[in-house]
Structure formats: structure tokens, C-alpha cells
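**Student:** So the chains spell out like this:
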Amino acid sequence: MLEIKNLHATVAGNDILKGVDLKVNAGEVHAIMGPNGSGKSTLSYVLAGRDGYDVTKGEVIYKGKDLLDLAVEERAGEGIFLAFQYPVEIPGVDNTTFLKTAYNAIQKYRGEPPLDAMQFLKLLRAKRDELGMGEEMMRRPVNVGFSGGEKKRNEILQMAVLDPMLAVLDETDSGLDIDALKIVAEGINALRGPERASIVITHYQRLLDYVQPDFVHVLSDGKIVRSGGKELALELERDGYASISDAA
Amino acid sequence: MKRAKNIALPYAETFGAAKAGLPGGGLPWLAALRKNAAGHLTENGLPSRKVEAWKYTNLAPLAESPLCAPDADASVPDLPQIEGTHRLVFVGGQYRADLSDGALSGVSTLGNALDTDDKWLADNLGRIAKPNGHAVVNANTAFMNDGCVLRLAEGAKLDKPLHLVFASAGSDGKVAAHHPRILIVAEKESQAEIIESHVGAGAYWANPVSEVEVGEAATVRHIKVQADSLAATHLAYTRVIVATAGRYDSFVMTTGAALSRSEIDVVLDGEDAKCRLNGVYMLQGSQHSDISTTIDHAKPRCDSDETYKGVLDGNSRGIFQGKIHVAPDAQQTNGNQLSRAILLSDGAEMNAKPELEIYADDVKCSHGATTGELDDDSMFYLRARGIPEDTARHLLIRAFIGEIVDEIETPGTRNYLEKLVENWLEREGDIQ
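The listed protein sequences correspond, in order, to chains A and B.
Take the first sequence: its position 107, counting from 1, is numbered 112 in my numbering, and each next residue is one higher.
Take the second sequence: its position 247, counting from 1, is numbered 873 in my numbering, and each next residue is one higher.
In case anyone wonders, no lab produced these hints; they're calculated from the structure.
Treat the hints with care, as some may be off.
[Said to hold, decoys possible] Covered stretches of chain A, as calculated for chain B (at least 3 residues, CB under 8 Å):
| hint | segment |
| --- | --- |
| 1 | 39–45 |
| 2 | 172–180 |
[Stated by the list, open to error] Listed next, the in silico DSSO-like pairs over lysine-lysine satisfying Cα-Cα at most 30 Å (straight line):
| hint | chain 1 | residue 1 | chain 2 | residue 2 |
| --- | --- | --- | --- | --- |
| 3 | A | K127 | B | K1045 |
| 4 | A | K23 | A | K45 |
| 5 | A | K62 | A | K45 |
| 6 | A | K187 | A | K10 |
| 7 | A | K113 | B | K900 |
| 8 | A | K156 | A | K132 |
Built from N, CA and C at the ideal position, the CB exists for glycine as well.
Using the sequences and the hints given, assemble the complete structure.
**Tutor:** Printed below as a string of C-alpha cells:
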């Protein structure tokens, strides 16, 4: 589904990614772990297409297409979803309008008919109920005045509604209490399936107690220095990143 | 140095010939008022950019334009209609009964009011907005050809919001000038909402002047939609006096005219008086919009609140000049002023000039002015959810402008303004 080959990227002239290789097949959940500053968030922004993250070498093939050639919104249309580490507050745009606009934009991109207001509210209500989110939050401006946990849950709701093929979750677990963490994990698990894949970027092993990864990779200084099964996460938890980096 | 501060307006010389054709020609008091104004206009012309208050807005092209009288019989398509309002239509500044809703209690056209040679009118017209050297007022007072007089008796409430439409069809090869006058006197505890719409086609000069007196504990809501032709010049002046516990709410939406200036001058002249001056401007191409306000806190315990927001595309230019004056004995004054602009293109420009003159010591006044671009983080977030760039821009612009349009209380009026914002967004980018 996704193949990253020798990816190099710079941010403001600084080399951050220095040759990342990663292959993700449909049906798989990959965890990317690593210390702060290793390039985890940069990798997620490069996949989503953020301005200012310049790819200097390498390629990313997604479902047979050159991903780096697509605009930000086209990547979303192709089924890529980035759950933000720091979800953005957008005053004056209510959550429902935002989600409906996004949903119908993606429908349009795929040549599918848009949902009308009633149909969309029905879909939204079902997803909201699964995540235990009240209707009141939908009327509020996007993320404005939301607690840290509410913002992350809102990311998961957006993911559930937009139903991506490849979800990239950038430290979605950071700053969550255990109940919120379980809800987020359930949201990720609900999207598991033979046709889909996820990349879970995390600093801690904690989330992986609830979301069982098929593969764990360690990103350090812009490269994947080690890959393994879920036991690798436990090893990292026990020994810390220092030992891995040293080994590399 | 006096010459340098003025631009001669040859049009002023046409007053002698025009005056016989203007309404109320037989009234000595009106003739004196007009003559005084025309005298000022001939002598002083229009202010040049050397005058501090006009340093951003250049009237030289207007002074050089071949100005002429308007055609009041012209047909004007697409007159704006606002649900739930009583509409009076003026074409080329003159009342058109055939396009209007008819009589409404407390309301008359200036032409009809002058026909009756009313003593009250003689005492009130030109009382609040005096021809005292302000060129925009002088031009209007000398040439005013019609308009609206709204007189609300004590405790009266206008049945419906009054919608005044000022339309111009322009004129071939020349620039038609029209000078509508609005006089509003709201006596004690009365209430009214007035919406002015300015529309038209081709090149013309719209020169509306409003004078408003808000009596004790009275409320006047005054909304102006300046959607003039993109070839027009719009120079407006509004002066308001608010008495004890009275309230004046103004909202100015600017989407039209090549060059426009909306100047509002409010005197909070009784204790506990309030005013709110809000507005939005949405500009593109090479449009120039100047919003200049003065709020004079003349008495204690008055509140003023003003917020203007703009989005500027193309090579457009926005100006906001906001002066707040607090008199020495105007203690416990509250004054808040905010100017926020978003530049949508590299060629757009914004000048914001707040000016606070505070002579009392127990005063809370704040002012802020920001100019920026659409937020990058927000744009990326929306696009990462599949929303195309143009749609994302529109969502953010609508949210930015909507915050202030939402404050309009009357649903019909608010819906109308929301629709104008949508129309602008649809057109945005077409004109560069």
C-alpha cells in the first residue's frame, strides 16, 4: 500500500529525514517509535504534504501513485488521514460544518455523490455515539476551548467519519489519561481491516498495550535504525532509546 | 499653504445653475443653508492629502471628473430586497414611488417634507451635520436632491426596519453625482432600524450624508451596505449625537466602489450613552476603502465599542482611522476599538491608524490593530481533511467575517448580509 524509499527531507534548511525506508502492506499496523527530535513528526507531515517540509531525495509510492506529486487535499481524497499531534483551533467554523465539508469534498474527489444534511447528521451521530462524544461538541467551533483529551478524541472522530485507507497518527496518545487513551485505541482498532493500514507514531509504549502493532520501527536521527515485532516496544520501554541508538 | 490643502472642485461652480432645479427652491431658510454650503465648497473645494484626516485618500481624480446631474428616471435592475423591511427606492438620489413600498408612519421623503415647508424641518435639517468646512457635508448640503426624513415621537417604534435603496445608473461619458440626505431624529425612548443600500452601474459619485439624533434612552440601529458599482466613488458622512442612556448601533459593509470613504462621527452627549460601530470590508481589484470614525466621549459613564474587519485581495487598499476623544469630565468611560484585516494577496495593503485623546483620568480604553494573512496552520488542517484550497480559504474568510455579521440582531438583515458575504466569496478572485 505504502512504500517509502530512501526519503530525505529538510525543514528550514535543516536535514531532518536522512534516508527513511518503510513498507506498509494492507492489513498492517506499524508503530514508529523514537526519541524527541528523531524526525517522527516530520515524517508524518511529509506524508500529509505540509508546505515547508521539502523532500530532497527518495520517493513515496502510495497505491501505485507518486504520493509526493499530490496536493494535500488530494492525498486526503486518496484515503490518507493524518491525526495531528497538535490539532488546530479554528474559530468561527463549527465542527459539523467542518466535517460535512470535508466528507463531501472527499466524496467529490472520488466521484461519489455528496450526502445531504440529514444523511450526514445520521452518519455523524452513529460515529459520535461510538466515541461517546456529545452533540454539543459538534456545534462548537473546531477544537476551540476543547481540552487536550477532547481535541484528540475529535481527531479520532474525524478519522472515523472520513474512513481512511491509511491512517497516520502522530503522537495521538500524548497527554491523554487512561480512559481517553482507551477510547482513542478503540477508534484506531475499529479501523483495522484487511484493506487498511495504520502508522502509529508514538514516544511511549503505553498506547501499544491497546493497539497491537504488527511491526515496530525505531526512528533515530532521521533513519529507521531497527525494526521488529511488538516485543521491540517492550524492550524499548525497559532499556530506553539510548541502547538502540548506540547499537545503530 | 492654504491652497496646498485644497483641491478645487469645478463642479461647485455649477451650483448657481442647478439650485433652481433642486427641491425646496422657494424656501428662504433652505436657500440660505445651500448657499452657505456652496460658498464653502467653492472656496475650499475638496481636502487634499496634505490634510491629516485625508492623507490616505486622494480626491483629485474625483475633482477632475466630468461631473453631471443624475438621471432619476433611469431603470436600475436588481434592486436589493430585504425580507421584512419597508423599502424606499431613490434613483440618482431622487425618490421613485413606482419602486417603493409607500407610506410608513414617521417616515417621509425629503422632497415631500420640503414641499410642506415644515418649521420642524427648518430647525433640524443641517443642525447635526453642519456645513462648516467639511467638504463631504458641503457638497451634499448644497446639492441635496432628495432623501429621507425619519422622525420618531417619544416612545414610538418604527413598525418595520426601513430599507433605503440608493441606486445610480451612471451616465454616458460623464460621472453623475447624487447627494442623498438622511435625517433621523429619534425622540425619547423611541426605536428604529434603518438599512441604507447603495448600488448602481457605471461611473458615478454617491455623496450621502446622514444626520442622526438619538434621544434619551432611544435606540437607533443604522446599517449601511455600500455595494456600489466598482467604477463609482462613494463619499459618505454620518454625524450622530446620542443623548442620556441612548444607544446608536452602526454596521457598515463595504464591497463596492473604486474609491470609498465612510466617515462616522459620534458624540456621546449624555451620561450612560452607548454606541457600537462595527463593519466589514471585502475588497478586490484596485478598490480603495477608507473607514474613518471619531467617537467623542463628552459625558461620563458612556460606552463605545468598535470592530472593523476586512479582507483584501488583488491590489486593494484598506484604511481604518479611528479616533476616540474623552473629554476632561467624562469619567468612567469605556472605549474599545479593534481593527483586523486579512491580506489575501501580496499586492493588497492595509493602513490602520488608531488615535486616542484622553483627558479624563478614570477611563478604560483599549485599541488593537492587526493585519495578517490567513492562518497557515488552519489552511493545512482543513486541506489535510480533504477540503480543497479555495473552499478552505472561503471557510476561514467566512468565519472571520461571520463573527461580526453574527452580531446583527434582526434575522432578516443578518441573513441578507450573510448572503452578500457568500456572493462576494463566489466572485472573489474574478477581478484582479
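**Student:** Apply the coverage criterion to the segment 39–45 of chain A and chain B: a residue qualifies when its Cβ sits closer than 8 Å to a Cβ of the chain, and three qualifying residues are needed.
**Tutor:** violated (count 0)
**Student:** Taking 30 Å as the top limit, are the C-alpha atoms of K62 of chain A and K45 of chain A close enough?
**Tutor:** holds (17 Å)
**Student:** Given the hint that K23 of chain A pairs with K45 of chain A, test it: the Cα-Cα distance must not exceed 30 Å.
**Tutor:** Distance of about 12 Å is within 30 Å: holds.
**Student:** Count the residues of the segment 172–180 of chain A whose CB lies closer than 8 Å to any CB of chain B, then report whether that count reaches three.
**Tutor:** Violated, because only 0 residues of the segment 172–180 of chain A bring their Cβ atoms closer than 8 Å to Cβ atoms of chain B.
**Student:** Holds or violated: K113 of chain A and K900 of chain B, Cα atoms, limit 30 Å.
**Tutor:** violated (49 Å)
**Student:** Are the Cα atoms of K127 of chain A and K1045 of chain B separated by 30 Å or less?
**Tutor:** This hinted pair holds, its Cα atoms lying about 28 Å apart.
**Student:** Given the hinted pair K156 of chain A and K132 of chain A, is their Cα-Cα distance within 30 Å?
**Tutor:** holds (16 Å)
**Student:** Next pair to validate is K187 of chain A with K10 of chain A; report whether the Cα-Cα distance is within 30 Å.
**Tutor:** violated (33 Å)
When each numbered hint is compared with the structure, violations occur for hints 1, 2, 6, 7.
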